[in-house]
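Asks: Protein chains in written order, with UniProt numbering: chain A, 1 to 364; chain B, 1 to 364.
No lab work stands behind these hints: they were computed from the structure. What you were told as hints is all true, and nothing was included just to trick you.
The list makes no distinction among identical chains, and a pair is therefore deemed to hold if it is satisfied within one copy or across any two copies.
DSBU-like, lysine-lysine: derived pairs with alpha carbons at most 30 Å apart: (1) K216 x K8; (2) K351 x K8; (3) K44 x K351; (4) K158 x K351; (5) K351 x K216; (6) K44 x K93.
There are 2 protein chains.
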Amino acid sequence: MSEEPPIKPGMIVGILGGGQLGRMLALAAAELGLSCHIYCPDTKSPAFAVSAARTIAPYDDESALAAFAGAVDVVTFEFENIPVETLRFLAEKVTVFPGPGSLAPTQDRLTEKTLITDLGIPVPAFAVVAEQADIYSALARTGRPAILKTRRLGYDGKGQAAIRAGDDPVGAWRVIGQAPAVLESLVPFEREVSVILARGRDGATAAYDVVENVHKDGILSTSTVPASIPAELTGEAVSIAQRIADALDHVGVLAVEMFVMSGGGPRLLVNEIAPRVHNSGHWTTDACLCSQFEQHIRAIAGWPLGSVERHSDAVMTNLIGDAVSEWPVLAAEAGARPHLYGKAEARPGRKMGHVNRITPRSSS
Amino acid sequence: MSEEPPIKPGMIVGILGGGQLGRMLALAAAELGLSCHIYCPDTKSPAFAVSAARTIAPYDDESALAAFAGAVDVVTFEFENIPVETLRFLAEKVTVFPGPGSLAPTQDRLTEKTLITDLGIPVPAFAVVAEQADIYSALARTGRPAILKTRRLGYDGKGQAAIRAGDDPVGAWRVIGQAPAVLESLVPFEREVSVILARGRDGATAAYDVVENVHKDGILSTSTVPASIPAELTGEAVSIAQRIADALDHVGVLAVEMFVMSGGGPRLLVNEIAPRVHNSGHWTTDACLCSQFEQHIRAIAGWPLGSVERHSDAVMTNLIGDAVSEWPVLAAEAGARPHLYGKAEARPGRKMGHVNRITPRSSS
Chain A
1 MSEEPPIKPG MIVGILGGGQ LGRMLALAAA ELGLSCHIYC PDTKSPAFAV
51 SAARTIAPYD DESALAAFAG AVDVVTFEFE NIPVETLRFL AEKVTVFPGP
101 GSLAPTQDRL TEKTLITDLG IPVPAFAVVA EQADIYSALA RTGRPAILKT
151 RRLGYDGKGQ AAIRAGDDPV GAWRVIGQAP AVLESLVPFE REVSVILARG
201 RDGATAAYDV VENVHKDGIL STSTVPASIP AELTGEAVSI AQRIADALDH
251 VGVLAVEMFV MSGGGPRLLV NEIAPRVHNS GHWTTDACLC SQFEQHIRAI
301 AGWPLGSVER HSDAVMTNLI GDAVSEWPVL AAEAGARPHL YGKAEARPGR
351 KMGHVNRITP RSSS
Chain B
1 MSEEPPIKPG MIVGILGGGQ LGRMLALAAA ELGLSCHIYC PDTKSPAFAV
51 SAARTIAPYD DESALAAFAG AVDVVTFEFE NIPVETLRFL AEKVTVFPGP
101 GSLAPTQDRL TEKTLITDLG IPVPAFAVVA EQADIYSALA RTGRPAILKT
151 RRLGYDGKGQ AAIRAGDDPV GAWRVIGQAP AVLESLVPFE REVSVILARG
201 RDGATAAYDV VENVHKDGIL STSTVPASIP AELTGEAVSI AQRIADALDH
251 VGVLAVEMFV MSGGGPRLLV NEIAPRVHNS GHWTTDACLC SQFEQHIRAI
301 AGWPLGSVER HSDAVMTNLI GDAVSEWPVL AAEAGARPHL YGKAEARPGR
351 KMGHVNRITP RSSS
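Bound-form chain A, shown alone:
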């Protein structure tokens, strides 16, 4: 349990990373009377426009980091590809949540999977690929189809290559830049779900309703709540997320992506952990009183967790690349609320916004 004093209204939240997640965290912090200071190397960060202060500097600039630490009351991050050294450096000077202990294991796919399996939680078969020669033994372990993923710095399908029947495994190795990797079995899942769970400084946890996800080209396409899974699986999914959050001594929002299997083995396999607010939690903004963004701010600030109750059913659809040009249609659609990230350039694969469609709450 943390003994740091709670953050009070009027204080300043420092956020590492200035993308849409940082932007939505800053909007939520503002509603709680907090102001934000964004630290990001990118001069065009969408979060800047809604924050009181900014630092534009690389993540390894110790003098900029020290000044940032001195200017804020608590530090958090919007995504897990911040160097862990950055977080450790800051943690010596200012309160940091989630701590380096949450970040380090989740930014390397091997340590992440080891942590999960050490908890007795099933994952798809996997094997380490440290060098080219490892690929064949790894494939023997996972079977085909499999997916080769860089151990570090992957997101939204980047740093990944599938190896299906007939594919040249060495070709996949080249596609991912011959970086240290993990080969994972591409399991024939029935559906994909995720749990968005918050854990407070005091260890209290609260999980939103389990959400069902559909990916396209490695990028989340839609999230639907409630998920079409039986109640006992819902409980098991939340329990898995909670055990992971406890094991990390995590403070903040944590997302756990899982595969729902239909065979005779375990019904849930963990795919990935994200130690942060997550795209599959964006529906909470419009279907819950307390969004995942507010929830994260509450947790890191040492406040009580907010309500995770769902007042409406919801379908979140990402607006990727040119899809954002549909905004006039979405703005005119009853029951739909577009969220746009203020990014100037709609490059293919770039998340430009999302739309939440809500309907009255079903019984489940």
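Knowing the structure of chain A, use the given hints to seat chain B on it.
Replies: For chain B alone, kept in the frame of chain A given last:
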């Protein structure tokens, strides 16, 4: 109908006034991919912390206003005590909504009441008090109790003084600074309600559910939705607000406060108009998909109006002065969402925040 082109994501909304209304407008604009530029004389404006740009200058600084007009794509205002000359000056250079035609009549209580009565809409008995000698004839018209209000620049009970049985009318005149005033009959209303209505550039209107208000010491204390009034009064209240919005050719959100009477006369008397987002609409943020703030931005931007449907019942309670110190209790209360304005100093009578409490939607 306006022929100005609509505002597109990425464009800049200029907001005159940097208080909590400007702040919440800026937060809503951000969700639509717009960024905000706040113009306000007050160096400590709460809206600055969530906006991309600011101009700190008096409202009559023509060079600052001209630069502001050149830096933004549309101008709106957060409250009606902006000089109408400011709006007229800006309107020559940039799109402005609501226009001076909405602002001018509503910033003077006499022209406002004249406009309403000219529409055949009932108001409490009133009389002009231009100089001290007018008070007695005015009282003869309104009877006692009555309330003397400055014609201009009043809000939250400021610039008002009641004249009850035994009170010295000249004393009331001194309390309000001997400014040109209107004396209004303090009618024995059954309850107070308001209509929050939006009118688009195309003249389309949409009204949220009628809300029931309780004031304390001239300041709004709570707003509850749905209001406890029969369906026919709901329809009449919305019709009144719509006729006023149409008469003003208003673009944006407009609030109309009304008294519900129980006697044999008209059931609804209009108390006040506010040509802007309104404190009695704050519940919409947590009980509707599209808040009054987003709705206002949509209207002034030339977008279609959003959904006004209420997914939950709500009670909004203002946090005035020291009441904001209750935030830790409110943060821990299930079903409550505190909204804090980031103001440093909790002076008596100052609106520091509000809390929305939501419950599942009732049938009414």
